[in-house]
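S.K.: Here the protein sequences come in this chain order: X and P. With the numbering used here as the guide, the letters of the first sequence map in order to residues 1 to 475. With the numbering used here as the guide, the letters of the second sequence map in order to residues 1 to 23.
Do not take every clue at face value.
Pairs of lysine-lysine residues, derived as DSSO-like cross-links and limited to a Cα-Cα distance of at most 30 Å, are as follows [said to hold, decoys possible]:
hint	chain 1	residue 1	chain 2	residue 2
1	X	Lys102	X	Lys257
2	X	Lys99	P	Lys21
3	X	Lys102	X	Lys355
4	X	Lys119	X	Lys461
5	P	Lys21	X	Lys257
6	X	Lys458	X	Lys409
7	X	Lys409	P	Lys21
8	X	Lys102	P	Lys21
These are computed hints drawn from the structure, not numbers from a lab.
Now for the letters of each chain:
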Amino acid sequence: MFNISDTFYYVLIGYFVIILGIGLWTGRGDKSKNSEEFLVAGRSIGAVVGGAALAATQMSAGTFVGSMGVHWMTGVSYQWFWPGLWLGWLVSALWVAPKMQKFRALTVPDYIGQRYNSKLAKGIAAVLIFVALTVSLIGQYVAGGILLQTVFGIPMLYGSIITIAITIIYTFKGGMKASAYSDFVQALIMAGCFFAAVPILVIQAGGMEHIAAFITELDPRLTGFYYSVKDLFGFAMVFGVSMAVMPYELAKMYTLKSPRTVRLAIGFGMVFQAIVALSVSLSGTVMRSLFPTLNTGDAASSLLAATVVPPLVGALLVVAILAAIMSTVSGVIIVSSSAISHDIYGLLKPNATDKEKMRMNKIWCLIAGVIPMFFAIRPFDMVQFIIILQSSLIAAFFFPAVAIGLNWKGATKAGAIASMIVGFCTVIIWREIGNPLGLHEVIPGVVFSCIVYYVVSKFTKPLPREALLPFFKDV
Amino acid sequence: LLVIYAIVFIGGYLIWAYYTKDE
Chain X
1 MFNISDTFYY
11 VLIGYFVIIL
21 GIGLWTGRGD
31 KSKNSEEFLV
41 AGRSIGAVVG
51 GAALAATQMS
61 AGTFVGSMGV
71 HWMTGVSYQW
81 FWPGLWLGWL
91 VSALWVAPKM
101 QKFRALTVPD
111 YIGQRYNSKL
121 AKGIAAVLIF
131 VALTVSLIGQ
141 YVAGGILLQT
151 VFGIPMLYGS
161 IITIAITIIY
171 TFKGGMKASA
181 YSDFVQALIM
191 AGCFFAAVPI
201 LVIQAGGMEH
211 IAAFITELDP
221 RLTGFYYSVK
231 DLFGFAMVFG
241 VSMAVMPYEL
251 AKMYTLKSPR
261 TVRLAIGFGM
271 VFQAIVALSV
281 SLSGTVMRSL
291 FPTLNTGDAA
301 SSLLAATVVP
311 PLVGALLVVA
321 ILAAIMSTVS
331 GVIIVSSSAI
341 SHDIYGLLKP
351 NATDKEKMRM
361 NKIWCLIAGV
371 IPMFFAIRPF
381 DMVQFIIILQ
391 SSLIAAFFFP
401 AVAIGLNWKG
411 ATKAGAIASM
421 IVGFCTVIIW
431 REIGNPLGLH
441 EVIPGVVFSC
451 IVYYVVSKFT
461 KPLPREALLP
471 FFKDV
Chain P
1 LLVIYAIVFI
11 GGYLIWAYYT
21 KDE
């Protein structure tokens with residue numbers, strides 16, 4: 001707890017008012033009353049707002065608290081996972097996202113159900129999405145709690161309740177459209193504030209040469225390769241493969257106007273990410289020279305805001321981190337609650353009206369937001385590694401069914417179901433038995449799930465022509 | 001003690017995305 005100036009409270013309250021205002025304004029009247037509006041914003045979002053929303057949803061507490069913590073701990077080499085993530089976007093832009101937009105579904109399990117002509121596959125996809133996204137939210141809540149506790153001295157539990165309550169209110173009221181427009185504002189805050197803070201931080205720390213000399217002496221690996229190229233390849237693969245099939249990103253693709261909008265939005269999203277990548281990499285490493293020892297690297301970003309930079313800049317940084325958390329939580333809650341209310345409920349009660357589904361949706365928005373809080377009270381790892389676990393799960397169980405399934409018409413129902421289950425279980429088991437061969441769990445997860453997908457598809461009954469018709473021109 | 005990589009990769013990507021038309 002620091003003696004912080006009143007500026008922090010004014011800026012924080014101002015930010016909450018602006019974000020709530022956007023949410024309530026976009027959700028005014030009857031605009032978010034049906035599923036088409038609530039889940040995919042009426043498919044009306046353009047490339048710039050859409051790109052910012054893609055970036056804001058991806059850049060979460062994992063980036064500002066987690067990645068910065070890892071940079072603090074390990075130095076500069078970790079920044080090279082970003083090119084891997086951008087390659088993932090490229091894969092998505094070439095083979096996945098535009099096709100998803102063209103298909104005009106409401107949710108990702110909708111696509112799975114139709115592509116594999118199987119209610120079981122749709123149900124499994126919905127359940128696995130709900131589980132993986134709950135893990136993701138745990139990471140967000142822990143980071144929000146750390147931030148508010150470090151800067152304001154608010155107990156962890158209350159801090160996360162405040163953050164989540166505000167997010168749920170605007171998500172609830174305005175649905176995907178409110179989520180996308182507030183994401184846009186939040187992306188501007190994230191990129192702008194951190195970019196502005198970096199020069200101040202470098203000057204405070206005594207300039208680049210001094211920093212480099214100091215941390216090299218502290219530990220030569222900080223300016224060299226703390227992580228080997230093999231490690232970095234693993235991280236890049238986690239982020240790259242999962243980025244291409246991440247359900248909350250794919251759901252955002254449905255909100256865009258056309259396949260070309262999708263491709264442009266991905267480009268604008270990468271621009272936002274590049275600005276943030278540079279800022280986080282620099283500030284994490286520079287913080288190491290100012291604070292050589294901390295209990296956990298996750299505290300580095302909060303300390304930066306509270307003690308290093310002038311109060312106004314610090315307050316804006318706190319808001320930027322909260323923006324990162326809230327934009328991700330709102331996108332994730334819409335997708336994970338729709339997995340239950342739209343997909344599972346729709347399977348259990350096929351003749352449910354849209355109104356009934358919407359009512360279920362709002363109830364599950366609350367439930368999906370509250371469940372991770374129980375786990376966040378006692379976190380099981382550093383924030384970045386919680387996020388990496390959920391990315392690994394998504395990459396392993398979803399990559400074949402979504403990315404390969406959109407491009408290979410030989411895939412069958414049994415292949416999709418088998419690959420989802422094998423991918424999910426491989427990641428969990430590989431992690432539990434302590435990563436044999438020194439491999440990160442995502443690599444066997446993705447490899448096994450692709451092999452199973454191919455082999456099972458080869459030996460099982462092909463899909464009827466009608467099921468493939470929406471996806472392939474020449475069946 | 002990334003910028004150039006990002007400018008080349010993302011710049012190239014945006015040019016491609018801008019000139020690619022929908023079928």
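S.K.: Each hint needs a verdict: does it hold in this structure or not?
M.R.: Quick rundown of the hints versus the structure:
| no. | hint | result |
| --- | --- | --- |
| 1 | Lys102(X) <-> Lys257(X) | holds, 9 Å |
| 2 | Lys99(X) <-> Lys21(P) | holds, 14 Å |
| 3 | Lys102(X) <-> Lys355(X) | holds, 26 Å |
| 4 | Lys119(X) <-> Lys461(X) | holds, 16 Å |
| 5 | Lys21(P) <-> Lys257(X) | holds, 14 Å |
| 6 | Lys458(X) <-> Lys409(X) | holds, 11 Å |
| 7 | Lys409(X) <-> Lys21(P) | holds, 24 Å |
| 8 | Lys102(X) <-> Lys21(P) | holds, 14 Å |
Violated hints for the displayed structure: none, as all numbered hints are satisfied.
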